[in-house]
Amino acid sequence: DAGVTQSPTHLIKTRGQHVTLRCSPISGHKSVSWYQQVLGQGPQFIFQYYEKEERGRGNFPDRFSARQFPNYSSELNVNALLLGDSALYLCASSADGRYNEQFFGPGTRLTVL
Amino acid sequence: GDSVTQMEGPVTLSEEACLTINCTYTATGYPSLFWYVQYPGEGLQLLLKATKADDKGSNKGFEATYRKETTSFHLEKGSVQVSDSAVYFCALRSRSGGYQKVTFGTGTKLQVIP
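Residue numbers (this note's numbering), protein chains in the order written: chain L, 39 to 151; chain W, -1 to 112.
Hints are supplied without guarantee of correctness; some may be wrong.
Capping the alpha-carbon separation at 30 Å, the derived lysine-lysine pairs in DSS-like fashion look like this [stated by the list, open to error]:
id : chain 1 : residue 1 : chain 2 : residue 2
1  : W       : Lys75     : W       : Lys47
2  : W       : Lys75     : W       : Lys107
3  : L       : Lys90     : L       : Lys68
4  : L       : Lys68     : W       : Lys50
5  : W       : Lys66     : W       : Lys107
6  : W       : Lys58     : W       : Lys75
7  : L       : Lys51     : L       : Lys90
8  : W       : Lys54     : W       : Lys107
9  : W       : Lys107    : W       : Lys50
10 : W       : Lys107    : L       : Lys51
11 : L       : Lys68     : W       : Lys47
12 : L       : Lys90     : W       : Lys47
None of these hints come from the bench; they were simulated from the model.
For clarity, every value in this text was computed on a predicted model and none was experimentally measured.
Extracted from the complex, chain L is given alone in its bound form (with noise of 0.2 Å):
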């Protein structure tokens, strides 16, 4: 079975630029999340998503912004991006967001030049 797919695997974007990044969940999976992992910390909680609604969100500023689509999958966006923004962003996927386990993905690698 696959597992949390993301893409791209690595990106490079300049500063004041926009990113998309890209999420698949394991089939069946109708919640996924997003973390942001600056090197040598652990990942922090961005969003949560569950059947196309926001259900949680961290202490992130509005320029992050996601969306979760009728086939379960999910795009993070950041707009104006500043150099803090570079990091691994993770997407994590569970069958319904509360009470089942979180599989994660491999990462996006973004960084911000």
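Place chain W on chain L using the hints.
Relative to chain L, chain W alone:
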């Protein structure tokens, strides 16, 4: 809010040495506790978990026991191998409103030398 504190690394051990990585947490309610492992250039892999007090999670020779009285979930292995070299993250899962959130520690880098 929820928080996880784990011992700082890096931890350098010789092959076949004993490993302990300390982890303590602060959370309301009854969180589930996890250890994740991250190999260089890769995402997170679940190593083991415990969902209630006194549960012991185990996998690949690693163990951790959920100690509610000391709010701890220390990771242990009796004999480490070079292939165990990675970054280990302690984490807790809590539920708030209609969703679950995982809070991670800062990670402990383990290097095992032959």
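ask   = If you draw a straight line from the CA of W/Lys58 to the CA of W/Lys75, is it 30 Å or shorter?
value = Holds. W/Lys58 to W/Lys75 sits at ~9 Å (cutoff 30 Å).
request  = Take a quick look at whether L/Lys90 and L/Lys68 sit within 30 Å of each other, Cα to Cα.
outcome  = 8 Å, holds
task = Take a quick look at whether L/Lys51 and L/Lys90 sit within 30 Å of each other, Cα to Cα.
result = Given pair L/Lys51, L/Lys90 holds - Cα atoms ~28 Å apart, limit 30 Å.
task = Decide if the proposed pair is consistent with the structure: W/Lys75 and W/Lys47, CA atoms, cutoff 30 Å inclusive.
result = Holds, at roughly 15 Å.
ask   = Is L/Lys90 within 30 Å of W/Lys47, Cα to Cα?
value = 28 Å, holds
inquiry  = For a C-alpha distance cap of 30 Å, please report whether W/Lys75 and W/Lys107 respect it.
reply    = With a Cα-Cα distance of about 15 Å, the restraint between W/Lys75 and W/Lys107 holds, given a limit of 30 Å.
inquiry  = Hinted pair, alpha-carbon criterion (30 Å max): L/Lys68, W/Lys50. Please report holds or violated.
reply    = Holds: L/Lys68 and W/Lys50 sit about 25 Å apart, inside 30 Å.
task = Measure nothing beyond the straight line between the CA atoms of W/Lys107 and L/Lys51; if it is 30 Å or shorter, mark the hint as holding.
result = Between W/Lys107 and L/Lys51 the Cα gap is close to 29 Å, so the pair holds against 30 Å.
task = Mind checking the alpha carbons of W/Lys54 and W/Lys107 for me, to see if they're no more than 30 Å apart?
result = 23 Å, holds
query = Does W/Lys47 lie within 30 Å of L/Lys68 when you go C-alpha to C-alpha?
reply = At roughly 22 Å apart (the allowed maximum being 30 Å), W/Lys47 and L/Lys68 satisfy the hint.
query = Are W/Lys66 and W/Lys107 close enough, with their CA atoms no more than 30 Å apart?
reply = Answer holds: W/Lys66 to W/Lys107 is near 25 Å, not above 30 Å.
message = Would the hint linking W/Lys107 and W/Lys50 be met if the CA-CA limit is 30 Å?
response = Roughly 27 Å between the alpha carbons, so the hint for W/Lys107 and W/Lys50 holds.
Comparing the model with each numbered hint stated earlier shows that all of them hold.
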